[in-house]
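*Asks:* Please build the complete structure, drawing on both the sequences and the hints.
Top to bottom, those sequences are chains A and B.
4 is the number that the working numbering gives to position 4 of the first sequence; each next residue is one higher, with no gaps.
146 is the number that the working numbering gives to position 146 of the second sequence; each next residue is one higher, with no gaps.
Warning: the hint list may mix true and false statements.
Put simply, identical chains are the same to the list, so a pair is met inside one copy or across any two.
[What the hints assert, rightly or not] Using 30 Å as the maximum straight-line C-alpha spacing, the simulated DSSO-like pairs for lysine-lysine come out as follows:
id : residue 1 : residue 2
1  : Lys152    : Lys248
2  : Lys95     : Lys249
3  : Lys75     : Lys152
Just so you know, the hints here were simulated from the structure itself, not pulled from any lab data.
There are 2 protein chains.
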Amino acid sequence: MTPHPRLLLRTQALNPLLRRSPSSSPWPPPLCRPRRRLAACASAAGVEDAVVGFVTGKRKATEVAHAVWRSIVRKGDRVVDATCGNGNDTLALLKMVADERGQGRVYGIDIQDSAIESTSCFLNMAVDDNRERELVKLFPVCHSRMEEIVPKDSPVRLVAFNLGYLPGGDKTVITVPRTTELALQAASRLLSSGGLISVLVYIGHPGGRDELDVVESFASSLPIDTWVSCKLQMLNRPIAPVLIVLNKK
Amino acid sequence: MTPHPRLLLRTQALNPLLRRSPSSSPWPPPLCRPRRRLAACASAAGVEDAVVGFVTGKRKATEVAHAVWRSIVRKGDRVVDATCGNGNDTLALLKMVADERGQGRVYGIDIQDSAIESTSCFLNMAVDDNRERELVKLFPVCHSRMEEIVPKDSPVRLVAFNLGYLPGGDKTVITVPRTTELALQAASRLLSSGGLISVLVYIGHPGGRDELDVVESFASSLPIDTWVSCKLQMLNRPIAPVLIVLNKK
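*Replies:* Put into structure tokens, the structure is as follows:
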């Protein structure tokens, strides 16, 4: 039996041999098609619009997450997109941190080369300003290794996770509980005081519920004197994604 | 064994014999002391302030609930406070529906006479305008009987529940799963399209978890084509109240 790529990767160096070449990639690069408007729309709602929209079924948990990020993240901040996917969150985060002095950074991570390529392609298309585009640093590694990527002296304001499989990609390649737990632990160490870990857990695929259990267990174990852990979920849509937000005091 | 007062009450007429006289009441009327500023503060936050404050530990679930109500309820609406308690929610709701034409109504319900008296006292003190004060109608009955109170031709925009025991009152007198479930069913029938049922479930007392189970089960059973059910809770504060919001499409 072939080990899960994430587990393989954890024993290897950065930029490992597992990286697929674009020509061998089995997936289409879906976000090379123009999706600027969608990305902008997903990240544009204020918290009020997003939350009231969520409870009335008009907005998604992703929009609540983006709205909460926007209320916390400032220009010039350093943030981590721990699961780049197709790059929607990466772009939203870039727009939040991009500053004239060029100090903002988005460290984008995904174990799937296809996701890194898709994100890179999407950013190249959506960001006209090269200086701004260069504020995003992309790494095709497991998110449990984020501490090897982010400079030690860089306090991080936000670490964002979108757990599950790559939309439009191979649904058998999913984030898994063991490395997600390690990634959450790493994120909790990297985070600055006042920062957020945001976890959107997709649970409609096999293994999704196990991963939710791990995230909830981690969130519940955080000490109340230094962390606020909360969860937002739909109750009558059992496979709707669950948003868990962890604030370091 | 003496039956629970709520169960007794369900077999009796409105304004039943169970009502205690003020002189025999064992509780102090805590909200006869000025608490206008507190009540105003609890209901004043916008959704953005309340939600961002909640995820960063600066605001309570009650404030999120009030902020969501304010985004849904309009002047002239009819609303139900299904558990008056000490009247904080009743006052907040009155401020949301009070209109110059005098059409707004708050139907305030509590099985405990002490709660109705406390609420009445609080409103008399906090509301200077008699015409406005008269928009609140108080009923010392079980909330499962709300359909006997609200006029049949009155669509209701919001039904608010604060489940648990009366703050400052007898902690052995609590809302209980069976009648809470009946009350939720009644609320779902009374509610107009676009309206909300808001349930804040306190779980720190014996029986609180059982009641949460019943509320979650009810919320989960609502059909997705006509309802949106969602839940907001703290994960690392196991006895923090849980907010469940049910929107009728």
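*Asks:* Next step is simple, just say for each hint if it's right about the structure.
*Replies:* Each hint, compared with the structure:
1. Lys152 to Lys248: within (18 Å within a copy, 49 Å between copies)
2. Lys95 to Lys249: within (25 Å within a copy, 34 Å between copies)
3. Lys75 to Lys152: within (20 Å within a copy, 54 Å between copies)
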